[in-house]
Amino acid sequence: MLVELAMIETRELTRRFGGVDAVEGLTMSVRDRGVVGFLGPNGAGKTTTMRMLTGFLAPTSGSARVAGFDVTDQPLEVKARVGYLPETPPLYPDLTVGEFLLFVAELRGVGRSIRAARVGRTLEQVGLRGWEKRRLGGLSKGYRQRVGLAQALVHDPALLVLDEPTSGLDPAQVVGVRELIRGLAEERTVVLSTHVLAEVEASCERVLLLHRGRLVGDGTVDELAERTGTGGRVELSLDDETEDLRGPLAALPEVDQVERTGPSSYRLRGGTSLEPALAAWAVGTGRRVRCVVRRPASLEAVFLALVGEGT
Amino acid sequence: MTGRPSTVGAAWAVLRNDLRVLFLAPAGWVFLTVCLFLAGLMFVGAVAETGEASLRPAIPQLAVTLLFTLPLITMRQLAEEARTGTLELLLTAPVRVEALVLGKWAASMVLCLGLLAATAPFPAVLFLYGAPDPGVLATGYLGLFACCAAFCAAGLFASSLARDPTVAGALSVLLLLPSWLATAAVDWMPASFAPALRRVSFVEHLHGAATGVLDSGELAWFASVTVGFLLLARASLALRRWR
Numbered sequence: 179m180l181v182e183l184a185m186i187e188t189r190e191l192t193r194r195f196g197g198v199d200a201v202e203g204l205t206m207s208v209r210d211r212g213v214v215g216f217l218g219p220n221g222a223g224k225t226t227t228m229r230m231l232t233g234f235l236a237p238t239s240g241s242a243r244v245a246g247f248d249v250t251d252q253p254l255e256v257k258a259r260v261g262y263l264p265e266t267p268p269l270y271p272d273l274t275v276g277e278f279l280l281f282v283a284e285l286r287g288v289g290r291s292i293r294a295a296r297v298g299r300t301l302e303q304v305g306l307r308g309w310e311k312r313r314l315g316g317l318s319k320g321y322r323q324r325v326g327l328a329q330a331l332v333h334d335p336a337l338l339v340l341d342e343p344t345s346g347l348d349p350a351q352v353v354g355v356r357e358l359i360r361g362l363a364e365e366r367t368v369v370l371s372t373h374v375l376a377e378v379e380a381s382c383e384r385v386l387l388l389h390r391g392r393l394v395g396d397g398t399v400d401e402l403a404e405r406t407g408t409g410g411r412v413e414l415s416l417d418d419e420t421e422d423l424r425g426p427l428a429a430l431p432e433v434d435q436v437e438r439t440g441p442s443s444y445r446l447r448g449g450t451s452l453e454p455a456l457a458a459w460a461v462g463t464g465r466r467v468r469c470v471v472r473r474p475a476s477l478e479a480v481f482l483a484l485v486g487e488g489t
Numbered sequence: 354m355t356g357r358p359s360t361v362g363a364a365w366a367v368l369r370n371d372l373r374v375l376f377l378a379p380a381g382w383v384f385l386t387v388c389l390f391l392a393g394l395m396f397v398g399a400v401a402e403t404g405e406a407s408l409r410p411a412i413p414q415l416a417v418t419l420l421f422t423l424p425l426i427t428m429r430q431l432a433e434e435a436r437t438g439t440l441e442l443l444l445t446a447p448v449r450v451e452a453l454v455l456g457k458w459a460a461s462m463v464l465c466l467g468l469l470a471a472t473a474p475f476p477a478v479l480f481l482y483g484a485p486d487p488g489v490l491a492t493g494y495l496g497l498f499a500c501c502a503a504f505c506a507a508g509l510f511a512s513s514l515a516r517d518p519t520v521a522g523a524l525s526v527l528l529l530l531p532s533w534l535a536t537a538a539v540d541w542m543p544a545s546f547a548p549a550l551r552r553v554s555f556v557e558h559l560h561g562a563a564t565g566v567l568d569s570g571e572l573a574w575f576a577s578v579t580v581g582f583l584l585l586a587r588a589s590l591a592l593r594r595w596r
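Residue numbers (this note's numbering), protein chains in the order written: chain X, 179 to 489; chain W, 354 to 596.
To be clear, the hints were calculated from the coordinates, so they are not data collected in a lab.
Heads up, the beta-carbon is just placed ideally off N, CA and C, and yes, glycines get one too.
Hints are not guaranteed to be accurate.
To be verified - What follows is a set of in silico ranges between Cβ atoms, one per label pair, in the way DEER data are often shown:
hint	chain 1	residue 1	chain 2	residue 2	range
1	W	G398	X	R312	45 to 51 Å
2	W	F498	X	R312	34 to 40 Å
3	X	E190	W	V387	50 to 56 Å
To be verified - Covered stretches of chain W (in silico footprint by chain X; criterion: 3 or more residues with CB under 8 Å from a CB of chain X, positions within the stretch not fixed):
hint	segment
4	357–366
5	432–442
All chains should be modelled from the sequences, with the hints used to inform the complete structure.
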């Protein structure tokens with residue numbers, strides 16, 4: 179039997195700060211490669227979870243394994259395999275980009291002979307080629323974030339942990355960082371946290387929804403949507419129809435629910451074969467279709483449903 | 354890639370980085386300038402007062418100066434990193450806490466060595482106009498060096514406790530102050546307290562070194578204070594994970 183090794187495995191992971199549970203009984207498993215998003219409102223426990231996975235904080239109880247190593251018993255093994263970008267990029271303002279990355283590479287055990295080459299490659303990856311001599315203190319927010327990513331990447335870690343990687347960036351920078359993260363996830367596991375729903379929809383294959391330190395949802399956006407009954411809808415718009423067709427539409431076996439949103443437009447819910455069924459129905463009854471389009475599940479609806487559930 | 358630096362390798366990296374940060378910012382230069390200026394005054398004062406070709410009276414004075422000026426350097430070492438977030442980088446690197454503590458302590462010691470080296474013109478002047486005892490000068494410098502080691506370790510420990518460099522600075526002065534005050538207290542406290550006060554006073558432990566008598570007990574005192582504070586700094590950093 180082929181056993182797939184999990185990159186992250188937590189069991190009843192709990193972290194308490196002075197009697198308050200920041201993370202409570204978190205059990206999850208993340209397999210190798212791809213992007214997983216920690217989503218949750220501020221104070222949900224995302225940062226605390228990440229800090230435990232990176233060895234910065236010790237769990238109060240429960241356990242977490244990264245790449246097969248326990249974060250409490252083998253923290254150095256874990257740290258050697260993790261690249262971490264905290265919410266504020268940890269930069270020394272007086273150093274140059276090059277000096278800083280060489281220092282981080284040395285601290286993370288990149289051998290002297292390949293250090294300069296690794297730093298060069300990393301700078302290329304994050305789009306900072308030619309920026310070696312710039313002082314960190316003089317960089318704009320977007321570039322600081324890139325250097326932050328570079329320091330997390332310089333030792334080529336198997337797991338990349340990014341705390342709010344796009345917060346405070348302008349839209350163009352957000353797109354750039356998202357593309358970068360997708361590229362990085364081809365060769366490694368990326369865990370990112372955010373409270374921005376669009377972020378998760380844009381870059382994550384899987385979502386872990388945290389609320390008040392607890393895991394309240396786990397799956398793809400579509401799976402979560404299905405679970406909470408906030409799944410995808412199909413919008414149907416017909417040409418020159420003013421007749422109310424809710425009855426005939428609802429009679430179709432694929433259709434679960436119909437809503438009339440205009441004189442000749444409808445919003446329907448149903449199975450995955452809804453669009454072809456609607457098209458066939460329209461053709462069969464001699465109606466002209468202006469458009470049939472599936473609106474993907476809105477994470478916002480999922481989020482509200484699950485967070486509401488959790489309270 | 355899953356490399357891990359050796360503890361010595363990591364300490365060496367931290368040492369170089371700390372020194373770079375120290376001298377790119379004004380802190381390192383301000384410290385050296387202030388200390389050298391004060392050391393110059395003490396040297397002139399000592400020679401004028403005693404008429405001797407020696408640094409004897411200047412040694413304890415210089416040590417007291419360092420008690421107040423070295424925190425300017427050590428207070429930043431961990432507290433500043435905690436404040437700006439770079440401590441998170443250091444503590445998530447695959448590096449033992451010992452390496453961080455040793456690297457940072459060694460960085461401040463390099464600075465102290467630089468300061469002591471920069472005072473070389475003072476003994477040079479003595480040699481030019483008199484006949485100082487080179488042995489006494491050497492033990493005097495050794496005593497100051499031992500004193501620096503202890504102060505740097507105490508400052509680093511204070512810096513590991515605070516999140517604000519200013520608080521860390523005040524804290525390290527507070528840690529060391531009793532050891533200095535004990536010197537003066539010997540004179541006005543009841544005589545029965547004198548042995549205990551002498552034991553905690555760093556000035557008392559500099560006496561032998563300043564007068565050319567190398568006392569292994571005195572050096573051991575500075576060594577144990579140094580090691581003690583370094584161990585405390587290590588424990589305080591390691592405990593951050595659990596706080």
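Hint check results:
no., hint, verdict
1, W:G398 to X:R312: 45 to 51 Å, "holds (48 Å)"
2, W:F498 to X:R312: 34 to 40 Å, "holds (39 Å)"
3, X:E190 to W:V387: 50 to 56 Å, "holds (55 Å)"
4, 357–366, "holds (count 5)"
5, 432–442, "holds (count 6)"
No hint from the list above goes unmet by this structure.
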